[in-house]
Amino acid sequence: MLEVPGRIYVLATLLPLAAFALLLAGGAARAFYRPFRKGGGLLGTMYWVCGGDKPLRTGAYLATAVMAATAVLAVAGLVQFLSDPTEGSIRASRWAERIDWVRIGPGDTLSPPEWERQRATDNARPAPRLALALELGYKIDHLTAVAFAMVSVIATLIFVFSTAYMADETAETVLDEGVKGRRGEGGHGHGHDSQPLSPAHPFTPSGFRRRGRYGRFFLYLSLFCFSMLNLLIADNLFQVFVSWELVGVCSFFLIGFYYERPSASAAANKAFIVNRVGDAGFLVGIVVAWSYCGTLNIEELTRRVRAPAEDTHGEYEMANQIIRVSAEPQLPTATAETPRDYVLEPRDEPGTGTHVLLFPIAWAEPTHFHGPGHGKHKDSVFEVPVRGDYVSYGVIPYALFVLMGVGIFLGCVGKSAQVPLHTWLPDAMEGPTPVSALIHAATMVAAGVYLVGRCYPLFAAEVLLTIAYVGAVTLFIAATVALVQTDIKRILAYSTCSQLGFMMLALGIGAWTAGLLHLITHAFFKALLFLCSGSVIHGCHHEQDVRKMGGLWRKMPVTAFTMLVGVLAISGAPFLSGWYSKDQILAAALGYGLEHKAHVLLLALPFAAAAMTAYYMFRLWFLTFAGTPRGDGAAHAHESPLAMTVPLVVLAVFSVGVAWGWPFWEPEASALGHVLEKAQPAFVAAQFAAEHREAEHRHLTAGALALVLGVSGAWLAWWLFGWRQPAGVEMHKPGGAAYRFLREKWYFDELYDAAIVNPTVGLAKFAAAADKAPTDRPRVFPLPTLDGLFNAVGEACVAAGQALRAVQTGRVRTYVLALALTAAAMLGILTALAK
Amino acid sequence: MSELGIQPFLVLSAFLFACGVVCVASKRNAIGVLMGVELILNAANVNLVAFARFNPAFRLDGQVFALLVIVLAAAEAAVALAIILNFYNNHGTVDVDSADELQG
Amino acid sequence: MSLPVLLFAVVATVTACSALGVVLARNVVRMAVWLLFTLVGVSLLYFLLGAEFVGATQLIVYVGGTLILIVFGVMLTAQAPLREIRTRPAEWLVGGLVGALLFGLLVAVSYQIAFPPSTHALPSVAPLGLTFLGVTDASPTGDVTGVPNGVTVPRTPVAYLLPFEIVSVHLLVVLVGAAYLARAKRRVRS
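Protein chains in written order, with this note's numbering: chain A, 520 to 1354; chain B, 718 to 821; chain C, 37 to 226.
If you are wondering where the hints come from, they were derived from the structure by calculation, not from laboratory data.
Even glycine gets a Cβ: it sits at the ideal position worked out from N, Cα and C.
Incorrect hints may appear among the rest.
[Said to hold, decoys possible] What follows is a set of in silico ranges between Cβ atoms, one per label pair, in the way DEER data are often shown:
id, chain 1, residue 1, chain 2, residue 2, range
1, A, V1317, B, N806, 33 to 39 Å
2, C, V209, A, R1324, 35 to 41 Å
3, A, V1317, C, A215, 44 to 50 Å
4, C, V212, A, I1348, 39 to 45 Å
[Said to hold, decoys possible] Selected chain B positions facing chain A (Cβ under 10 Å, derived; list incomplete):
id, residue
5, V813
6, D817
7, L819
Chain A on its own, in the form it takes in the complex:
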């Protein structure tokens, strides 16, 4: 198996799926044996073996162990990948494989690499047509390897943390205090879990009684990890999309883990629905790619969109670029099947081409081909057949090409919680804290940034600018909102939003490596911060309001210290991991802003947000840990058990050192950054050469500026919350208009409610009223309802039947008469026809 080392990754991806399947089977078996629990006998015994009334811990430990195995495999794979001495196509074949999932068309159509292999022996083999297959495959490059290791390591630590954090769920009966009051008798939530355990109604004045859901939590987590890992190794957009949706549905399950709480189920719905908006765009992008480029394999898409790096005559000016062409007028003799000629746009008028040229996946003449260009030995006229195959050129209208990029990016906007689809992320805090850590650090939100990095070559310049602006706006809005939040998890949620904005901005302005480096480093310190907040919440008996905390420094020293590390890292304190990535991003932003004066916003917003980041993170830390306790929960806090603190320490170590390099005082020298740089698409260096040069030139300025801004933000937080020690009362003041504006998150939710949700609900109510004949209340509309319409049809049928009843006299003679008449009529018709 290991002659292809890439299969380590397949194994590592499938392990969590196996854990998921095992837990699911166990749960199903328990549910199956449940009716026999009182009866005894073999079946009854099986019920108690499967855990009985009390949730089993075995499944959770198993899932954790499996995840740890995945992490070990991932690290082993990373080491092997980085030390693999092979190059070129041999390396590609060692770290990528693909198989057909669905292939339509004649039986001898083959995937492009397979076809090229066969063509080597049989030169006359015709090229198969495009867009005939959905494939499954994996492709490991430096980005995948690093991200895979990051995800699996963080996930393992979160699993370990969860075994302790979710310990409440191992009880036979859990009292959920988040559900208040009685719903209607027989209301839902009256599920299987609660019936035999509490014969009374599960809704009590103090909360909702239900069975613990320890195993279920780990079941979802395992599926979540599988989905994310599968997304990372996928080599085609279709597989990405499948995993993408799996990630979405897992987040739905986990955010709505306490689904009896109305707020939790609403938040789960919101996350799911808002993500659907983005996914619709993603699907549009995929379909455009499929119908024009004829493949979903990311590498082949790149090969189709970007000019080859070199042709038989060596390198040339248009290497790795998007080539625009225009259609030649067609001859009058042309039919619908005639190939059309497209000509390269004139050299002195760039940007006039109406179409983007798509290059063949394989060259018709593998030993000799010309790249596009105006000179000798270059092609400037391209013949595009109506039905493309592997060796033919293609074109895509430029607008559609942009639409494709924007569509794919829209999917990423939804997943990575960028403005305007960011509203689900703070609400997702309804899930258990380890879930928040997983979503925010390693899995879901990372998927969007990862995919932008993956599909980078497919984005036109306009799309990249869109990405940059969306990122800049997001990082600024989220940072301002985070300034005034009081829920510990919401502060972190908005900071995640903001940091994701940094990544998008970096990707948009051509700092590909910096953006993805920030993805990795951010994953570590954000996981750390979330787990720390989980530890705080756990220690403070589920108190989440930072205004009621304080003084936890003495009670929870490990948590306090590790969280300080996380705060320093995210604020960009020198020599911690966040510093390397953030400094690169800010330098790139400075370079880009100075190079393009029109886009000065892309320079100003991240620097302002950098200061705000330091402020709100230190505010959080000081409010939580410094001073004296301001609430009951904080007063009786205690340090968390070892299973929670050990992951914190490990993550803290990663947060400090994951991006180190030599010399370590040089942010550009990050070893991780250099690894990632090897995966950077080839065109980036050329297209953003000026910006990169400027960034290189100014990076000391940027670093100094960022440091000054960060220190001043941190100092302000210390002065306000560490030194002045405001009383609890002071913090509950309503504040001014600007404060309220930020407090209410720029009124995004209200805006969406007014603009989209309420009209939709109104429309739905209108439709329902138009649909259903009211039975118990007066009619809403004077018009007949749809129900009434159908009833009328039914009644008409009944009336017609009643009328026709008389025809059926039951008398034989009538029937005979009818028969005779029919015979006469048929005879008459035949006679008439015969004439």
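Based on these hints, arrange chains B and C on the given structure of chain A.
Leaving out everything else, chains B and C in the frame of chain A:
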């Protein structure tokens, strides 16, 4: 027979057939209906034999068909009489109009 | 007017009148008698057409068997001495109209076909019996009708052994069924 065409036979057969139909359609006595059916079958038989006579290709088959029809008519009469007897047992009459259980 | 025509005219008139009698008679017994004459007339027609075997069968099976069955039926279902069940005039009118319509149509149709006067004799009893036994004349002379002129369609020899068997079994089944249906029922005495 050479001067007689097939038409007179067909006309007679048509007359028998029409009589049978009228019988079936208007008699209220079940046995009368049965007789009407017999008339119809006879009309068909006359046709068959006439065609056998005038169409050389049909000369054997026409007779065979007629014979089969006669036999089947006998069987049909037996079953019909059995049904009529049953009907009489149940209803106390042979008036087919009293059999309106099929009324919708 | 030759003898066959004369004979046909007499027989046809008798048959038609008897059939009309069946329709018009109100008494069931009289209807049965009119039916008897009709059946005999039809059998005479068969003889006239040269189908002696069919005619004989008609006499034996119909006149001797079926009609007797019917008479038994009449007797077994006789109500208050030969009560008549009257039909309303309107029903007579409708039935008569339908009958007339059918008759007219059939006559119209029958005058649309034309056959040359027959020159061949119908086969006698012997070939008929052989046909039922599965032996058939191997060289039929006639053409199949209904195909365009000038096209000769060779006629496949047909034998009727299988239909014969099927009809036999069918008869058996029918008679068993009839016996079952008509069996005397024991009334439950309460």
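Hint check:
One distance hint, 33 to 39 Å for the beta-carbon pair V1317 (chain A) and N806 (chain B), holds here, with the actual separation near 38 Å. Here the CB-CB span from V209 (chain C) to R1324 (chain A) is close to 37 Å, well matched to the stated 35 to 41 Å. Roughly 45 Å separates the CB atoms of V1317 (chain A) and A215 (chain C), a value that falls within the hinted 44 to 50 Å. Checking the proposed 39 to 45 Å range against V212 (chain C) and I1348 (chain A) shows it holds: the Cβ atoms sit about 41 Å from each other.
With a cut of 10 Å, the hint placing V813 (chain B) at the interface with chain A holds, because the nearest CB-to-CB distance is about 5 Å. Taking 10 Å as the C-beta cut-off, the interface hint given for D817 (chain B) holds, the closest approach to chain A being about 3 Å. Taking 10 Å as the C-beta contact cut-off toward chain A, the hint placing L819 (chain B) at the interface holds, the least distance being around 4 Å.
Of the numbered hints stated above, none is contradicted by the structure.
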